[in-house]
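**Q** All chains, please: the whole structure from these sequences, using the hints.
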Amino acid sequence: MELRTVDTRSISEELAPFAPDLVISFLPPLEQERGDPKLPIWQFVLNERGLGKDGMPAMDVKFTTLKDMPVQLVRVDRLGMVEATFPLRDEDLNPTIDPWLLGAAWLPSILISKLRRQPTEPFDKPSIDSHYKPELQRPISSLVALWLNLEYRRLKASKLPTPETGAWNIGILHQPITELLQDTPNMNVRWLPAPSEGNHRMEPFGYMAQDGQLNVLYRKRSVHSEQDIIARLRPKSDSVLKRSRSMLSTSASLTYPFVVERPDGAYAIIGYPHQRRTELFRVASTNDGMDHIKVLLNRALTNPTLTQFEDRWWLFGMDPDASGSVLLAYYADAFDGTYHPHHLNPLKVARSGCRPAGAFFSHEGTLWRPVMDASDPDIPAVVLSRVIRLTPNEFEEEPGNRISGFRGTSYAHGVRTLNAMGDITLIDGVRDATGERKRPKADPEKRRRSKHR
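Sequence positions in the sequence shown follow the working numbering and run 1 to 453.
Please keep in mind that the hints were generated in silico from the structure rather than gathered at the bench. Just so we're clear, the structure is a prediction, and the values are computed from it rather than from any experiment.
For lysine-lysine, the following DSS-like pairs were computed, each having C-alpha atoms within a straight-line distance of at most 30 angstroms:
#1 Lys348 / Lys114
#2 Lys67 / Lys53
#3 Lys125 / Lys53
#4 Lys348 / Lys125
#5 Lys114 / Lys67
FRET-style restraints, in silico, Cβ to Cβ:
#6 Glu14 / Leu115: 17 to 27 angstroms
#7 Pro185 / Gly52: 44 to 54 angstroms
#8 Gly52 / Leu15: 17 to 27 angstroms
#9 His343 / Ala16: 22 to 32 angstroms
#10 Pro17 / Arg312: 39 to 49 angstroms
#11 Glu48 / Val295: 37 to 47 angstroms
#12 Gln182 / Gly265: 33 to 43 angstroms
#13 Pro20 / Ser249: 47 to 57 angstroms
#14 Thr286 / Thr250: 16 to 26 angstroms
#15 Arg402 / Arg312: 23 to 33 angstroms
#16 Arg190 / Asn149: 37 to 47 angstroms
Cβ atoms here follow ideal geometry from the backbone N, Cα and C, with glycine treated the same way.
**A** In structure tokens:
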């Protein structure tokens, strides 16, 4: 509702007839005497300042230099605060404020979720001396200069070597994923032959075809295309690969192809961020394409990951707009739905330790969840988290072993997927782009002489 005043006492009187549990202000910073809890008014603090008169945060050069930045929702009387950190980079590490702003929009949900989880537990409190000044309106010339700076840094970043521009490839760990729970696990991985220059293989999920052969669906990226596609390959013991087959492509990039093997075939769950939904497919009987089955969820999830636990099916995934920072969950009685949102959504909001990084697995009666660790943006890693509680009304997990790569191998500079598949584990890894050398071009004359020997 629109108020006639910005005085907190008058706001309390004006809203009192509605008996609100809490009030969120999109006004410039309000001040209220500490210890006066008559009406819990919460306000946004972005970039250490309050909102401007237009209800928006001020643009700042920090948006172009930092990799992430915290956002707070603070009680006006300073008796409580919720905080989360969101990235200022997209998945290719290019500067952008979109995931930061869209992540900030989740803070009210975080607040409500916290009140549901622990209604009597006190909140963190901001510093008594903290003072959130209203943002001054910047002149248009300043905003244009900031935009040009952002575009320049985006172009510059695309030319710098990063883990995202180093080549990603798929590997096979010939042991169950539970080996990685050991203090000193066996890290002897066999990588597939290197992809052609400019191409990436990542996020592998396997299934057994009707002929008993291992097949792998994966996300294929290429510098020659703006969109990723879902492709299939067949790893062989002799390390010889036939050309991969495209299984699914659209006008926009898709999220990873989570595979579920059922008695009637192999299914894949794929998020469609551009169409705001999550789809269920089945691998065609001819193994050369994907048959659409149904819309599994009428919202998109990044890295949708399914597991069956205690007589329910659980679907985890990320809000695609918040770039790996907001974890959501849904549950159903049947594999193909209908799925209902978890009572505590969002389950987690954090810069790291949320995003699914492979299939759930069980070990000694305990459920484990591989999650991406982005604490070091330059070296992607996976943490194996132990699920302590999972019900429609509860969720708790704790981090376990951290796998940051497979040292001494060709793709040792990071990992983003650890996928359990019985006695083997499918993984991906990335080369250190700063150490890569361009492949020398073959000498045509030398090739001709060699051919006629």
